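Asker: From first to last, the protein sequence lines stand for chains A and B. When you number the first sequence by this note's numbering, it's gap-free, plus one each residue, and the end is 275. When you number the second sequence by this note's numbering, it's gap-free, plus one each residue, and the end is 180.
Calculated from the structure, these hints are not laboratory results. Note that this is a predicted model, so its numbers are computed, not measured. Hints are not guaranteed to be accurate.
Selected chain A positions facing chain B (in silico; Cβ < 8 angstroms) [claimed, not checked]:
| id | residue |
| --- | --- |
| 1 | N6 |
| 2 | G7 |
| 3 | A42 |
| 4 | Y62 |
| 5 | A180 |
| 6 | I183 |
| 7 | V233 |
| 8 | V234 |
With a cut-off of at most 25 angstroms between alpha-carbon atoms, the simulated PhoX-like pairs for lysine-lysine come out as follows [stated by the list, open to error]:
| id | chain 1 | residue 1 | chain 2 | residue 2 |
| --- | --- | --- | --- | --- |
| 9 | A | K85 | B | K41 |
| 10 | A | K259 | A | K147 |
| 11 | A | K112 | B | K41 |
| 12 | A | K250 | A | K198 |
| 13 | A | K22 | B | K41 |
| 14 | A | K54 | B | K139 |
| 15 | A | K147 | B | K64 |
| 16 | A | K250 | A | K226 |
Pairwise CB distance ranges (calculated) [as the list claims (entries may be wrong)]:
| id | chain 1 | residue 1 | chain 2 | residue 2 | range |
| --- | --- | --- | --- | --- | --- |
| 17 | A | G197 | B | E175 | 54 to 60 angstroms |
| 18 | B | M26 | A | L144 | 36 to 42 angstroms |
| 19 | A | S12 | B | E175 | 20 to 26 angstroms |
| 20 | B | M26 | A | A245 | 40 to 46 angstroms |
| 21 | B | K174 | A | K232 | 52 to 58 angstroms |
All C-beta atoms, glycine included, are put in the ideal place defined by N, C-alpha and C.
Residues per chain are reported as follows:
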Amino acid sequence: MVNGYQATSLKEALQILAKESVTPYSGGTDLMIDPEENATFLFLARIPEMKNIVEDTEYLRIGAACTFTDIIENELVPAILKEAAAQIAAPAIRNLATIGGNICNGSAKGDSALILFATDAKLCLVSSRGERVLPIAEFYLGRKKTALQSDELLVEILIDRINLSNYYYKKVGARDALAISRVSFAAILNVADGKIVNCKTAFGAVSDIIIRRADIDAMLVGKTTKEAKVVKKEYMAAYDQAIIPIKGRISAEYRKAVCMNLLRDFLESNGI
Amino acid sequence: MMINFILNDQKVASTAKANERLLDILRTEFACTGVKCGCKEGECGACSVILDGRLVNSCMVAMGHVEGCTVMTIEGYRKTERFAALDTSYASVSAVQCGFCMPGMVLASECILAKNPNPTEAEIREGISGNLCRCTGYNAIVQAISIAAKEGEGLW
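Start from the sequences and build out the full structure, keeping to the hints where you can.
Answerer: Now the structure itself:
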């Protein structure tokens with residue numbers, strides 16, 4: 004095959020990646036928009052290790068080459084991720100586009116990446132030297148910059164299996180289909196024995212990297228809903244400081260206002 | 025080295041480079057000109073084909089990805105009974121104007137009905153949401169797919 008390698012096993016793919024200058028190709032939907040004329044692709048769609056969706060005692064493990072259609076149709080996948088995946092592009096794109104590509108594209112507008120921030124997912128990166136597991140927040144280094152080394156592949160996404168049910172998700176786009184997020188927001192809040200045991204929020208498409216501030220969310224953890232109401236003003240003020248939107252096709256002011264409105268709505272929908 | 029795949033039920037081999045677009049190769053090497061080049065960025069659906077049973081934008085597919093796959097374009101699909109049912113239903117409500125979007129729209133219709141032979145209007149609209157039509161205003165197309173579901177009962 005000229006200008007391409009067809010890998011049928013992870014081992015084979017890693018060997019090619021270790022010695023050749025190739026572009027990993029999973030679903031292709033981001034790559035083919037503006038392909039480099041002389042790009043040599045390493046095709047990943049036939050690597051079984053990257054196509055599985057399985058669970059172990061701790062994690063749901065999603066192969067990076069699973070398409071969004073694979074994810075929507077799989078019964079193990081939590082509703083928060085299915086809902087976000089179902090709002091990506093249109094069916095024909097979801098049939099090709101993969102979760103690994105959405106992450107490795109390095110964009111803060113990645114709709115599946117947002118959910119992975121809100122669930123504190125981990126990424127399994129593998130090279131012929133070995134593998135490492137990185138929290139998703141440590142994977143992103145800036146706009147279109149990730150921690151992925153040139154000989155590494157993102158092979159699996161690991162999502163904690165507990166505390167995923169009470170979620171909030173909103174994507175703000177210009178239309179229903181084929182819209183790139185203007186602002187997206189995902190959050191999870193769990194209450195046990197009358198106390199908030201878990202509060203995670205993430206803001207997408209706002210700045211260069213998805214915003215996830217566990218330190219601010221910690222203000223609500225351990226409190227009853229009533230107690231959370233007392234610190235709500237302080238909590239909102241902390242996010243007002245933390246969210247510094249960038250101006251793109253839409254204004255920074257708009258993005259900021261939408262973020263704060265969504266955050267408020269999320270709290271109110273949980274009685275806070 | 026050749027890229028082997030099945031195109032409209034026939035085994036074919038392409039001399040294309042792995043990084044070339046399926047869209048371009050279908051049109052130039054295999055004369056499948058029903059596949060239209062619209063936006064080249066996955067936004068319009070005019071280049072839709074069915075790849076291993078799923079609707080995809082052929083402008084977004086590199087040839088290397090197609091190795092060993094099955095591709096159906098309107099040229100192959102038009103020989104089927106299902107196409108005949110859609111052809112009749114589209115014609116019955118004049119769901120075609122300029123026709124540029126039609127090959128993609130018909131293949132999208134097939135994928136909607138293959139997944140669910142009795143789709144709701146919302147499901148039909150979702151199924152064609154990646155296929156732009158600048159003439160019909162979509163209502164006639166939605167109606168046509170709904171008619172095909174009824175009239176073509178048992179086909180899907």
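Asker: Take the hints in turn and mark each one as holding or not.
Answerer: Going down the list of hints, with the structure as the test:
1. For N6/A, the interface hint holds, the least distance from its beta-carbon to any beta-carbon of chain B being 4 angstroms, beneath 8 angstroms.
2. Satisfaction of the interface hint for G7/A is found here, the shortest Cβ-Cβ separation to chain B being roughly 2 angstroms, below the 8 angstroms cut-off.
3. Here the hint on A42/A is kept, as its CB sits about 5 angstroms from the closest CB of chain B, short of 8 angstroms.
4. Checking Y62/A against chain B by beta carbon gives a least distance of about 28 angstroms; that is not within 8 angstroms, so the hint is violated.
5. Interface restraint check: A180/A against chain B, minimum CB-CB distance 4 angstroms, threshold 8 angstroms, status holds.
6. At a threshold of 8 angstroms, the smallest CB-CB gap from I183/A to chain B is about 11 angstroms, leaving the interface hint violated.
7. The interface hint given for V233/A is broken, as the beta carbon of that residue sits about 43 angstroms from the closest beta carbon of chain B, more than 8 angstroms.
8. Against a cut-off of 8 angstroms between C-beta atoms, the interface hint on V234/A is violated, since the closest Cβ of chain B lies about 41 angstroms away.
9. With a C-alpha separation of about 35 angstroms, the suggested pair K85/A and K41/B falls outside the 25 angstroms cut-off, and the hint is violated.
10. Taking the CA atoms of K259/A and K147/A, the gap is near 22 angstroms; set against the 25 angstroms cutoff, the hint holds.
11. Of the supplied pair hints, the one linking K112/A and K41/B is violated, its CA atoms being roughly 31 angstroms apart against a limit of 25 angstroms.
12. Between the alpha carbons of K250/A and K198/A the distance comes to roughly 38 angstroms, so the proposed pair goes past 25 angstroms and is violated.
13. Under the criterion of a C-alpha separation no larger than 25 angstroms, the hint pairing K22/A with K41/B is consistent with the structure, at around 21 angstroms.
14. For the hint pairing K54/A with K139/B, the CA-to-CA distance comes to about 22 angstroms; that is within 25 angstroms, so the pair holds.
15. A distance of roughly 22 angstroms separates the Cα atoms of K147/A and K64/B; the hinted pair therefore holds under the 25 angstroms criterion.
16. Among the hinted pairs, K250/A with K226/A is inconsistent with the structure: their alpha-carbon atoms are about 36 angstroms apart, more than 25 angstroms.
17. For G197/A paired with E175/B, a C-beta distance near 58 angstroms keeps the hint of 54 to 60 angstroms intact.
18. Here the CB-CB span from M26/B to L144/A is close to 40 angstroms, well matched to the stated 36 to 42 angstroms.
19. Hint check: S12/A to E175/B, Cβ distance near 48 angstroms, so the stated range 20 to 26 angstroms is violated.
20. For the pair M26/B and A245/A, the beta carbons lie near 55 angstroms from each other, so the given range of 40 to 46 angstroms is not met.
21. The given range of 52 to 58 angstroms is respected by K174/B and K232/A, whose C-beta atoms sit roughly 54 angstroms from each other.
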